[in-house]
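Number of protein chains: 2
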Amino acid sequence: MIGEEALAGLLKKPNLRMTRQRMIILEELRKVNTHPSADEVYEMVRKRLPRISLGTVYRNLEILSKTGEIQKLEPGSSLKRFDGNPHEHYHIRCIQCDRVVDAHMKCAFSFDDVPNEMRDFKIIGHKLEFIGLCPECVEDSLPA
Amino acid sequence: MIGEEALAGLLKKPNLRMTRQRMIILEELRKVNTHPSADEVYEMVRKRLPRISLGTVYRNLEILSKTGEIQKLEPGSSLKRFDGNPHEHYHIRCIQCDRVVDAHMKCAFSFDDVPNEMRDFKIIGHKLEFIGLCPECVEDSLPA
DNA sequence: TTTGCTGCAAATCCTTTGCAGAGGT
DNA sequence: ACCTCTGCAAAGGATTTGCAGCAAA
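Line by line, the protein sequences give chains A and B. In this text, residue positions in the first sequence follow the numbering used here: the first is 3, and each later residue adds one. In this text, residue positions in the second sequence follow the numbering used here: the first is 3, and each later residue adds one.
No lab work stands behind these hints: they were computed from the structure. One or more of the hints may lead you astray.
You can't tell identical chains apart in this list, so a pair holds if it fits in one copy or across any two.
In the DSSO-like style, the derived pairs of lysine-lysine whose C-alpha atoms are separated by at most 30 Å in a straight line are [stated by the list, open to error]:
hint, residue 1, residue 2
1, 49, 33
2, 124, 49
3, 108, 49
4, 68, 108
5, 33, 124
6, 68, 49
7, 124, 108
8, 108, 33
9, 74, 124
Turn these sequences into a full structure, and let the hints guide you.
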């Protein structure tokens, strides 16, 4: 889970406008719990705004996830990365430069309220990824 | 972390051949801890097999990650998904149909051996995703 | 010998971007 | 008014795929 405040504080841009398109995209996304893809959001929104473009949907999803209004369910960039080490370990990824390093640790869960759908999953494993700024990018982003 | 055995057991195909290309891709990936992209693997491997094609690299990375020899660092498909709920919760994704459902739980870490690079990261948050088969896909994959 | 794998190139899919006009604030 | 945002369409980048020959088992 991204700490929203931290991220919002880090990335929120000034001068954002609440357009009809942006608002409806957010509303539609809040209505469902199906984690739609950009294209699916486009289809949902199109029912209310037939003339909206896919490009606008992409642009707004990007902005809304940067301000912390929604979450993007794909860590890092769109580039897949491969790890020659098949053994249990986690990763930390720099949101700025997309670099990934290994993180060795244990991780324990305590379940609050497992939804039925999840109870019926056959769970094979899990992936944990920390998100942050790598040493170089921290330095670059600090005021000199 | 994917339970390799489980995954390997689930997805390993019979009749795989250990070709020169497949072996060298695996060897090169085992040598580094830099989590290269497919294209970077291609460049690494090209030094030893100048005539290998990018397509072959992609095909083998896919196979090696399905048999559990390596890990692919991008959960689910290449399709990004969006979640209208910005609050702290995790997800479980079906490896078969790519469906995502919410998982509400707490998660605690105990650090073994934090690498220096990680210590110097500015950590903003984390993402946890369980991987498994959803109820429908479990059913489909069972012998009738 | 069988049939999985390869190189090549084209195709596909998802996402991003340039532009000129529209519309928040 | 200012300047962000939009629709459209084209571009871009990553990944996949069809095919005919090659090579593990």
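So, going through the hints one by one against the coordinates:
Proximity of residue 49 to residue 33 under the C-alpha cut-off of 30 Å is restricted to the intra-copy arrangement: shortest distance 14 Å within a copy versus 52 Å between copies. In this assembly of identical chains, the alpha carbons of residue 124 and residue 49 never lie at most 30 Å apart, being 35 Å within a copy and 42 Å across copies at closest. In this homomeric assembly, residue 108 and residue 49 never come within 30 Å of each other (Cα to Cα): the closest approach is 46 Å inside a single copy and 37 Å across copies. Taking the closest pair of Cα atoms, residue 68 and residue 108 come within 30 Å of each other both inside a single copy (29 Å) and across two copies (24 Å).
For a Cα distance limit of 30 Å, the shortest separation of residue 33 from residue 124 inside one copy, 27 Å, qualifies, whereas the shortest one across copies, 33 Å, does not. In this homomeric assembly, residue 68 and residue 49 come within 30 Å of each other (Cα to Cα) only inside a single copy, at 25 Å, whereas the closest approach across copies is 39 Å. In this assembly of identical chains, the alpha carbons of residue 124 and residue 108 lie at most 30 Å apart whether taken from the same copy (22 Å) or from different copies (20 Å). Only between protomers do residue 108 and residue 33 lie at most 30 Å apart by alpha-carbon distance; the minimum there is 25 Å, versus 35 Å within a single protomer.
Taking CA atoms no more than 30 Å apart as the test, residue 74 paired with residue 124 passes in both settings, with 24 Å inside one copy and 20 Å between copies.
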